[in-house]
Amino acid sequence: MTNYKLTDADFKQINKRSLFGFQLGWNYERMQGSGYLYTILPQLRKIYGDGTPELKEMMKTHAQFFNTSNFFNTIITGIDLAIEEKDGIAGKDAVSGIKAGLMGPFAAIGDSIFASLVPAIFGALAATMARNNNPVGIFIWIIAQILIMVFRWVQLKFAYKQGVELVTTMQDQLNAITDAASLLGVFMVGAMVASMINIKIAYTPNIGGVATSIQNILDTILPGLVPAALVGFVYWILGKKGMTSTKAIWLVLILCVILSALGIIGKAH
Amino acid sequence: MQWWQILILTIYAGYEILDELQIYSSLSSPVAAGLISGIVMGDVKTGLFIGGSMQLTVLGVGTFGGASRIDATTGTILATAFAASIGMKPELAISTLAVPVASLMVQLDVLARFANTYFAHRIDKNIENFDYKAIERNFLMGAGPWALSRAIPVFLALAFGGNLVKTVVDWLNTDVKWLADGLSVAGAALPAVGFAILLRYLPVKQHFPYLILGFVLTTLLSTVFTNVQTLGTGLAAADKKFAGTFNSLPMLAIALIGLALALISYSQHRSGGSSKPSSSSSNSNTVDDSNEEEIEDDEL
Numbered sequence: 001m002t003n004y005k006l007t008d009a010d011f012k013q014i015n016k017r018s019l020f021g022f023q024l025g026w027n028y029e030r031m032q033g034s035g036y037l038y039t040i041l042p043q044l045r046k047i048y049g050d051g052t053p054e055l056k057e058m059m060k061t062h063a064q065f066f067n068t069s070n071f072f073n074t075i076i077t078g079i080d081l082a083i084e085e086k087d088g089i090a091g092k093d094a095v096s097g098i099k100a101g102l103m104g105p106f107a108a109i110g111d112s113i114f115a116s117l118v119p120a121i122f123g124a125l126a127a128t129m130a131r132n133n134n135p136v137g138i139f140i141w142i143i144a145q146i147l148i149m150v151f152r153w154v155q156l157k158f159a160y161k162q163g164v165e166l167v168t169t170m171q172d173q174l175n176a177i178t179d180a181a182s183l184l185g186v187f188m189v190g191a192m193v194a195s196m197i198n199i200k201i202a203y204t205p206n207i208g209g210v211a212t213s214i215q216n217i218l219d220t221i222l223p224g225l226v227p228a229a230l231v232g233f234v235y236w237i238l239g240k241k242g243m244t245s246t247k248a249i250w251l252v253l254i255l256c257v258i259l260s261a262l263g264i265i266g267k268a269h
Numbered sequence: 001m002q003w004w005q006i007l008i009l010t011i012y013a014g015y016e017i018l019d020e021l022q023i024y025s026s027l028s029s030p031v032a033a034g035l036i037s038g039i040v041m042g043d044v045k046t047g048l049f050i051g052g053s054m055q056l057t058v059l060g061v062g063t064f065g066g067a068s069r070i071d072a073t074t075g076t077i078l079a080t081a082f083a084a085s086i087g088m089k090p091e092l093a094i095s096t097l098a099v100p101v102a103s104l105m106v107q108l109d110v111l112a113r114f115a116n117t118y119f120a121h122r123i124d125k126n127i128e129n130f131d132y133k134a135i136e137r138n139f140l141m142g143a144g145p146w147a148l149s150r151a152i153p154v155f156l157a158l159a160f161g162g163n164l165v166k167t168v169v170d171w172l173n174t175d176v177k178w179l180a181d182g183l184s185v186a187g188a189a190l191p192a193v194g195f196a197i198l199l200r201y202l203p204v205k206q207h208f209p210y211l212i213l214g215f216v217l218t219t220l221l222s223t224v225f226t227n228v229q230t231l232g233t234g235l236a237a238a239d240k241k242f243a244g245t246f247n248s249l250p251m252l253a254i255a256l257i258g259l260a261l262a263l264i265s266y267s268q269h270r271s272g273g274s275s276k277p278s279s280s281s282s283n284s285n286t287v288d289d290s291n292e293e294e295i296e297d298d299e300l
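Just so you know, the sequences run in chain order A and B.
Okay, so the first sequence: first residue is 1 according to my numbering, each after it adds one.
Okay, so the second sequence: first residue is 1 according to my numbering, each after it adds one.
Only chain B is shown next, with the shape it has when bound in the complex (with noise of 0.2 Å):
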């Protein structure tokens, strides 16, 4: 690995949490956190598949209430840098590297919202005393120990960590490699886990139908998209006459069906908003159409 590499990484690590506390723009999330350590290690395919599978593993976690979460960030970060480098399977690099930094950085998190405290602390004191400057100095520095708990650990990790994993993983793929190959089927298996999480967080009892609808249709489509691909290559090799692409099902069309039914279901909700029975609006249920029509306006 070279220096400017471990720098890269070390300052984008620093920046993914502030970025995702302050104006979200989404690259602090896991997938995007292997395009760029993918770019950075110039192996974009092995960080996408990497940043993917995490993204899919911690799909329904979110933050509530200022909880710390499992940083499948950094744990991206650190085994794309890795697997990029020593030649690492990228399913190998998910269950050594990334599960379980992102499940240690959790500590880290707790420890800068710790940190915290003591410049809240500051910020009463500069009140009493009117220093405003003081009041937005101590507040802006909160910004050092939310970096430093992500920019450290994968500075250390990145620029001392190499021989360490190296040797773990060449005894993984030689000594134990029913090991190596469970903790890829592992690998593999890991995004079930993101989207229970995430159907134990949504309302899956009232959309439960959509659920079977999702499921079944892709499926489906994918077997037929597989088949007809396999076949396809087979005839292709067989006979040079036999030309023509075959690609995979593109979820973007799944996607956009799933799209199709939620907006259904919105202009429905909003025309029959009256009908529906929810408590919290029982006093406003007996309006009529052109009262609801309304608000809206109101609103836009």
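The shape of chain A in the complex, shown without the other chains (with noise of 0.2 Å):
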């Protein structure tokens, strides 16, 4: 124990190893654990002392399970180093517990957030124009992820500073700003499913004589009802045990097939 008082520098030293190597280790074994062990090693050894016991200790206990949103993980490290610096070894049993704790809600808001709806949102929006020859979309969502970096960046120093009641006081913000997006996101998926699925009914029976379209007749009720009705389908199926995206994927595929080879749909456009 050196009584070492972490500095700017070691923060850039963290958010830098965090940014460009956290899950480089990933596992099925110990996820991100010697991950975050890595991350701060350099700080363990200030902290403790090269080859004492205790840093052996420590090592040890930071290469265990540990798996965690990689837009949050950055909080949980300052939290743990606050303790650290201040308590030493003494402060292994809090860490630990503290890991422990944080790491499963963190990992919910940070895949609820950064790993679904933002890829959802932004991602909707560069896919719509890439469809249309349009790459700025792209570059859109590149800009966004960057201010997220800035984001990952500045919540350690932030979350070391505060310490542990940082948490009860995130909580009421996050929950507001997943709310808002989460509707961002049903509005988006609404919008999308009137202007992004290419396909019609192609079947027209002959009624008393003349051609009827049967797609004609949909779209005076309603345009869109087809793939509407598709979306509203595979959400049923998705419900259904033993039902994975991929497993969705393929049996929309080969419904495809079979509808188109029958004469029943075909393409809009």
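I should point out that these hints are in silico values taken from the structure, not numbers from a laboratory.
Take the hints with a grain of salt, since some may be wrong.
[As the list claims (entries may be wrong)] When the alpha-carbon atoms are kept at most 30 Å apart in a straight line, the in silico DSBU-like pairs for lysine-lysine are as follows: (1) B:Lys89 x A:Lys267; (2) A:Lys5 x A:Lys16; (3) A:Lys240 x B:Lys205; (4) B:Lys133 x A:Lys12; (5) A:Lys157 x A:Lys46; (6) A:Lys12 x A:Lys92; (7) A:Lys86 x B:Lys89; (8) A:Lys86 x B:Lys205; (9) A:Lys247 x B:Lys205; (10) A:Lys16 x B:Lys125; (11) B:Lys125 x A:Lys99.
[Unchecked claim] Derived coverage of chain B by chain A (criterion: at least 3 residues anywhere in the stretch with Cβ under 8 Å from a Cβ of chain A; other residues may be distant): (12) 34-46; (13) 105-115; (14) 122-132; (15) 242-251.
Don't be surprised by glycine CBs; every beta carbon is placed ideally from N, CA and C.
Join the two chains, each given in its own frame, into one complex according to the hints.
Now the structure itself:
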């Protein structure tokens, strides 16, 4: 124990290691365990001193199972280091408890916001524009991700200063953001169902000697009914037991080939 | 396909997974893969279309707790490369190449995650010996299995798969035209899966009115825009004096309406946060507005 105080250079080093190296060692047994150790190894050496039994003990502790959102991991690191810097090896149990207690909630929040909602919203925008031969949406998404990288960079020092009480103050704010973002997500799905699924009913039966377009009749009720029905159907089968997204993709693929071969559906435009 | 095209696409395939694990610049997304492969292959339009379609197909597929997911990015790289070099229809490339490749690649993702367990055990030994350099080395070596799990299959497919793909495509376009047509329809329908997965994940019951709003606004406006476009183009062809440009519905405008609704909800959520029926924060439900403000000030 050397009574070492973390400096801005330390934060910079941890952030660099987190941003460019946190998940390289991801594996089934410990997941991000070795990544957690790697990001704070230089600081552990400064806090406990090279070759001490305390250092070995803490290196072992930090190499254990760990898995959280890679967009929030340095919040946990910041809180952890604030404790270790103050209490040293005596804080070991507190640190293990905080890591185990916080990794689940932060994984849930981080996965919903940064691994699902952000890619869904910006991916949808970029994809829609790309299909119209316009790459601008891709660059908008990259800019958004750069802003998120800044957010990932500043949170470490913030968490280090705030300590444990940070988690409760953040909760409400994050709830409001998640709620608003998921509203936008639902709205955009509605918009994309109406515009991105280019299939129609190709079946034109002869009714009273006149070829009748089923699609035209459907369009007078509400345009976009066929895509909406398809999404509703896939939504329903996804709720069935044992159904995965990959299975659903194959099911739709095979179903479309059969219905198209029978002349029931075709491509719109 | 030129050797340098194979080389760049192989390097990109190895890089994209590392990007996704680390900085997450979104260059690992299917739509970005479409743009990059399109530029390399000299056919940006095809790349953007395939990438955009694959992006929509996996829209709701996020990574949760480190589970492997369908690899639409690698699928996009191969589909774009072959579509551009053989002259396949993009929709056909999506269902015959992008989707099968994307789901096969899940196995290799699993393999990479297994391989890295080996390095984790070496780190355990290094800790015992206080070998700090080796800890860091064995950690960074994890990048190897990750990158190779994408780069090797892409290289093999691009270098040796061309003739096979060409034979299959020729067969599809002549002997079994019905199958090729069906696969194209499937390519056009696949985004439906992405939307449905996303709805499964989002709190759709809570926000159902916004689903209706987004759908109806867009379906009505796109009908109007398409009809005006058809009308205008027809008139311009009939009468040379009739000039003007007619665009399709800009999706950014629809997205901005959604953003406005989300911002309204956010500000209401914050100011009326104490009245929401949330069990997790029930102990703070009684605090008045001034107290709420205080918490936010601390945050900023």
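Going down the list of hints, with the structure as the test:
Using a Cα cut-off of 30 Å, the hinted pair Lys89 (chain B) and Lys267 (chain A) holds, with the two alpha carbons roughly 13 Å apart. A hinted pair counts as satisfied when its Cα atoms are at most 30 Å apart, and Lys5 (chain A) with Lys16 (chain A) qualifies at roughly 19 Å. The hinted pair formed by Lys240 (chain A) and Lys205 (chain B) meets the criterion: a straight-line CA distance of about 18 Å does not exceed 30 Å. The hinted pair formed by Lys133 (chain B) and Lys12 (chain A) meets the criterion: a straight-line CA distance of about 20 Å does not exceed 30 Å.
The hinted pair formed by Lys157 (chain A) and Lys46 (chain A) meets the criterion: a straight-line CA distance of about 18 Å does not exceed 30 Å. Between Lys12 (chain A) and Lys92 (chain A) the alpha-carbon distance is near 24 Å, which keeps this suggested pair within the 30 Å criterion. Only pairs whose Cα atoms come within 30 Å are accepted, and Lys86 (chain A) paired with Lys89 (chain B) is rejected, the gap being roughly 64 Å. Note on Lys86 (chain A) and Lys205 (chain B): the hinted pairing is violated, with a Cα-Cα distance of about 47 Å set against a maximum of 30 Å.
Of the supplied pair hints, the one linking Lys247 (chain A) and Lys205 (chain B) holds, its CA atoms being roughly 24 Å apart against a limit of 30 Å. For the suggested pair Lys16 (chain A) and Lys125 (chain B), the alpha carbons sit about 25 Å apart, so the restraint of at most 30 Å is met. For the proposed pair Lys125 (chain B) and Lys99 (chain A), the alpha carbon gap of about 23 Å is at most 30 Å, so the pair holds. Counting residues of the stretch 34-46 of chain B whose beta carbon lies closer than 8 Å to any beta carbon of chain A gives 4, which reaches the threshold of three, so the coverage claim holds.
Proximity of the stretch 105-115 of chain B to chain A, defined as three or more residues with a beta carbon under 8 Å from a beta carbon of that chain, is established by the 4 residues found. Counting residues of the stretch 122-132 of chain B whose C-beta lies closer than 8 Å to any C-beta of chain A gives 6; at least three are required, and the coverage claim holds. Note: the stretch 242-251 of chain B has 3 residues with beta-carbon separation from chain A under 8 Å; the three-residue rule is met and the coverage holds.
Violated hints for the displayed structure, listed by number in ascending order: 7, 8.
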